[in-house]
Every structure is written in structure tokens, then in C-alpha cells.
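Novice: Given next are the chains, with one letter for each unit.
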Amino acid sequence: MDAIIWSRIQFAMTAAYHWLFVPLTLGLALVMAIMETIYVVKKDEFWKKTARFWMKLFAVNFAVGIATGIILEFEFGTNWSNYSWFVGDIFGAPLAIEGILAFFMEATFFAVMFFGWDKVSQKFHLASTWLTGIGATISAYWILVANGWMQNPVGTTFNPDTVRSEMASAAAFWDVISNPVAVSKFFHSVTSGWVTGGIFVIGVSCWYLLKGRQKRFAMSSIIVGGLVGLVGSGAVMLSGDSSGIHAAEFQPMKLAAAEGLEDGGRGAAFTIVPGIRIPKMLSILATHDIDGYVPGINDILNGYTDNEGNMVPSVAEKMAMGRKALDALAEYRSLKDTDPESAAAARAVMEENVRYMGYGHLEKPEDVIPPVGVVFWAFRFMIGLGMLLALVALLCLWFAWKEKLPKMRWLMWIAIICIPLVYICGQCGWIVAEVGRQPWTIQGLLPVNVAISSLGAGAVKTTFFVFLAVFALFLAIEIRIMLGAIRKGPEVEPENI
Amino acid sequence: MGQPVMGKIKDIPASIWRFYRDGFRNMTWGRPLVWLILLKVFILFAILRVFFFKPAMKGLTDSQKSDTVAERITRQPHIQIDTLNQ
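As given, the protein sequences belong to chains U and S, one line each in that order.
262 is the number that our numbering gives to position 262 of the first sequence; each next residue is one higher, with no gaps.
Our numbering runs 497 ahead of the 1-based position in the second sequence.
Keep in mind that the hints were calculated from the coordinates and are not lab data.
Careful: at least some of the hints might be erroneous.
[As the list claims (entries may be wrong)] In silico contact screen, one side only, chain U against chain S (beta carbon under 10 Å); selected entries: (1) Lys56; (2) Gly77; (3) Trp85; (4) Arg164; (5) Ser453.
Where a beta carbon is used, it is the ideal one built from N, C-alpha and C, also for glycine.
Chain U extracted, bound-state conformation (with noise of 0.2 Å):
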């Protein structure tokens, strides 16, 4: 394997390892603090002893997860340099804010929260929970902003002066930020992130249920981890729908592979599994519309009339305009020092072909499609686990409410199993989301065989062995320490961390 194969690896690795913790973070964020909203309500030492409990399960997360987002940074400028490069001007900025929010929101009201128990009013405490969850919450956004332009590349024109997608002025870093790629995205994450909450927090408790401990504990639990989820997955689904209008628009090409829709069309049908479809629901998912035209995989490499009217070029022809492009750069850089005049000529050539410029970089038209196979499966594993999950909360806060769960032994053994399926659900989505883009780096400009730096597969080779028996170590070490604290339960009497 070469180094793109190893460096895709490695990033995927990150990436997939990063996810592990931010989900439970955002979701116990807003379990504990309901949780500690009911305490301040009610004044009852119960709800605070809870969601001390859920906090100590948070901050376990939190430690082993805290700066496992700084190693994609690393293999943004070691791996992927040219891209790196490409962006700069687009990532510098949320990038940058997203860590100086985290660092200051979290050092300063994470403190609080473990630390300021008896030492802060009690309504100062509640507010320093909420503002952890909060500042989380809007890390996540500044990420997803950078991810999503990567996803429909807005606001933003390429300068062949520096070689770098840049904001021409605050309307565009306004266009960058409010992309709705991003804004969808970002409510399908933190969301999905609810759900993890909610379903750990129930998993949690039903083992406390079936061990016959800490009924009130569990019980009461269940119901606050129960909304979450509840909520979380309606959310989950209606942002999951803006997703899929949003792929149709900006990559038809992802839902196509998700589909397996070799020939699309008018009154598209939805693939439940090979074999079984409803018919008309894919075009009504992708297009509001019952008749809505959805582009097959052979539609978009030999082109076709989207639902505007708009002939959309074959990828033959958008190659033919990325290498225009590619050559008017080179063309425009080589003269523009010398015969002011041609460049600028070769900077029109360049900018009329410019939004298909990645396209000169394919070998072939194929090139633009990714694999069918792991993105159909993931999509539907995401899918079907997102259902069983959400019924999963909906009976469990059903029968806890009406007091019935304890004895239902099967439910509570399913929802223990849930645990691991709502992780299994949250990586189906981001392979959904990633590998369906692929070759694609950033939409339709730079694809990943030239985003990556001039480097040999040994070396990443290397760091991905490296990374691999470091994330193990940690996580087992999550796992074991998350373990013994479930293990221990609730304190009776209050403690310090």
C-alpha cells in the first residue's frame, strides 16, 4: 500500500477514535445537567448525588478523550500538507476559535463544576454544567463548519497568486459559517451525540437494575437518559433528511453510492435492502418531492438535467475544464512576472474552468466514484441501528415510567447491548459522510492523491503503528476506570473528586 492508502488510514483512525469520546461528551453533558436543573428545582440531595455520579463517568470520558482532536491537526500538516496549505485560509479561523473556546469554556467552567461544589452558589454551579455542555457543544460547531466547507466548498475564491481557497471579506467567512452543509451537519452530530447519552445513561442503569442496586438511581435515570434519547433521535432524524437534500444538492455522487442507484431518475425508489424498495421514497427523501429526479451513478458520469433544469456536465467534461484550469494556473504563475498581459488572460482561462479544477487531476471518470459497497451497508447499518436505538429509549422510558422495567429482564439486556450498537451507529455515519465523498478531499477541487505531502509510506506506516498501540492503551484504560466506576455506583454521601 502506498503512502495516500496509509495516510487515509491513519486519518480515518483519528478520526474514528476522536468520536469515540466527543458523542458521550455532548450527550452526558445534557443528561448531567438536566439532571443538576432538577436538583436546583426541587432541592433534593438525590438528583445532586445523580448527577455527581454522571459527571465522574463524564470526566473519565472527557480525560482520555481531551486532545485526541489535536492528532488530526498533526496529520494535517505532516500528511496532508498541500491541503493543508489549500485551506489555511479557511480553516485558521474556526479552527482557531474552536480551541481557544474550548480552552477557556471548559478550563474555566469545567473547573467549577468538579471543583465549586459548596464553594459557588448552587445557582452558579448549574450555569458552569450548562456552559461545559454549551462550550462542547459549540466546539463541535466550529469543527463541523471547517468539515462541512470541505463537504461544499462556499464563500470562498481560489487565489492562483498564494494557491489557496480564500475569504474575500466578512459576507464570505458569513457564508463559510452559515454553509448549510455545516449547519446540518452539525445538528445530526450533537444530536447524534444526545443519543449516545441517552443510551449509555439507560445501558448504565439497567445493569444496576439487573444487579438489583440503586433502583431509585437507575429508574430515575433511565427516565432523564430516556428524553435525551428520545429527543436526540427525532432530531437525529429530521437533520438526517436536511442531510440527505443537502448530498443530493451538493454530492449527488455520495447518495447515489449510498443508494447502490446505478440509474436514477424521476420517482425514485428507496433501497431498504438489495431487494426490498418503496417505491417513489428516495426522490421524496432527496427532493421533496414525490417525483423528484435523483441522479444515478452512470447518470452523473455520463451527466444529465437536474431538477432546476440545469444540464450538469459529464465527469469527462469536468475534467477536460479542471485540466483547462490546471493549465491556466500553470500558465498564469510562469507569466505573470514577465508578460503581465497573457496572465492575465491565463487567470480568466483558469477562473471561468476553476470549480472543476480537482477533475484534472483524475485518471479517469470512474475516479469520482467511491466505494459503493462500504458506503450502501453503512448507510443502512446507521440507519437500522438509529431505529432500533430510538425504540430501545422510547420502551425503556415507557416501562420505567410505569415501573414496570425491572422486571423485564430481556429489555434491560438489550439495552446494555445498546451500548456498544450506538457507537457502532455514530461510525456508520461518519463513514457514511466520508468515505461516500471520497476521491474528494474538498468537493470537486482538490482530490486526495494531491492533498497529500511528498512522503514515503514507511513513515506513516510507522506513526499509524504507533497511534494504534497508544489509542489501545488509552482506551483500555477508559474502559477500565469507567468500569470500576460503574462498578462502584453513586457515593451515598457527597465527595470531592
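Keeping the supplied structure of chain U fixed, place chain S upon it in accordance with the hints.
Specialist: Chain S alone, transformed into the frame defined by chain U:
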């Protein structure tokens, strides 16, 4: 009236310092987590960053970086455009 207010303002940094100091001192189960974070930060910045993740274009000026990326970006696969237009 101004003096007590100034006194309180001056006391803020010391209060914050005491808050964090006492918080860390009184830790029980949180202590191994802090060590875990410090260990991880050390591995990340003192080992991985220093020995394994050197920025590929470190030491280049912005202009040199532009030239390097332009050279890489304008290098195309050997396929005739005519073939694509057929």
C-alpha cells in the same frame, strides 16, 4: 467606599488561585485522571509531535509554500484531453 471595592478586585486572582489549588489538592478519584491527561499531553507534544509529526513544509516562506503546492497541484496525470472529449 472605593477602597473595599478595590480590595475585592485585587483579591480575585488570589481567590481563583486558591479555588484551583484546593480543588486539585482535595481530589480523590480525579487524581489518576489528571495524571492520565498529563501523560497523554506529554506523549502527544513531547514525543509524537517532536519525533513523528514534523510539518512537511516547515521552514519554507509563504511564497515558497505557494510555489511548492502550485508545482504539485499543476502536475497532472498523463491523459490526453482529446480522449476525454470523445
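Novice: Now, for every hint given, state plainly whether the structure supports it.
Specialist: Each hint, compared with the structure:
The interface hint given for U/Lys56 holds, since its Cβ lies 7 Å from the closest Cβ of chain S, which is under the 10 Å cut-off. Taken as an interface hint, U/Gly77 checks out: its beta carbon lies about 4 Å from the nearest beta carbon of chain S, inside 10 Å. Because the beta carbon of U/Trp85 sits about 5 Å from the nearest beta carbon in chain S, less than 10 Å, this interface hint is met. A hinted interface residue such as U/Arg164 counts as satisfied when its beta carbon comes closer than 10 Å to some beta carbon of chain S; here the least separation is about 8 Å, so the hint holds.
Interface restraint check for U/Ser453: the shortest CB-CB distance to chain S comes to about 4 Å, inside 10 Å, so the restraint holds.
The structure shown violates none of the earlier numbered hints.
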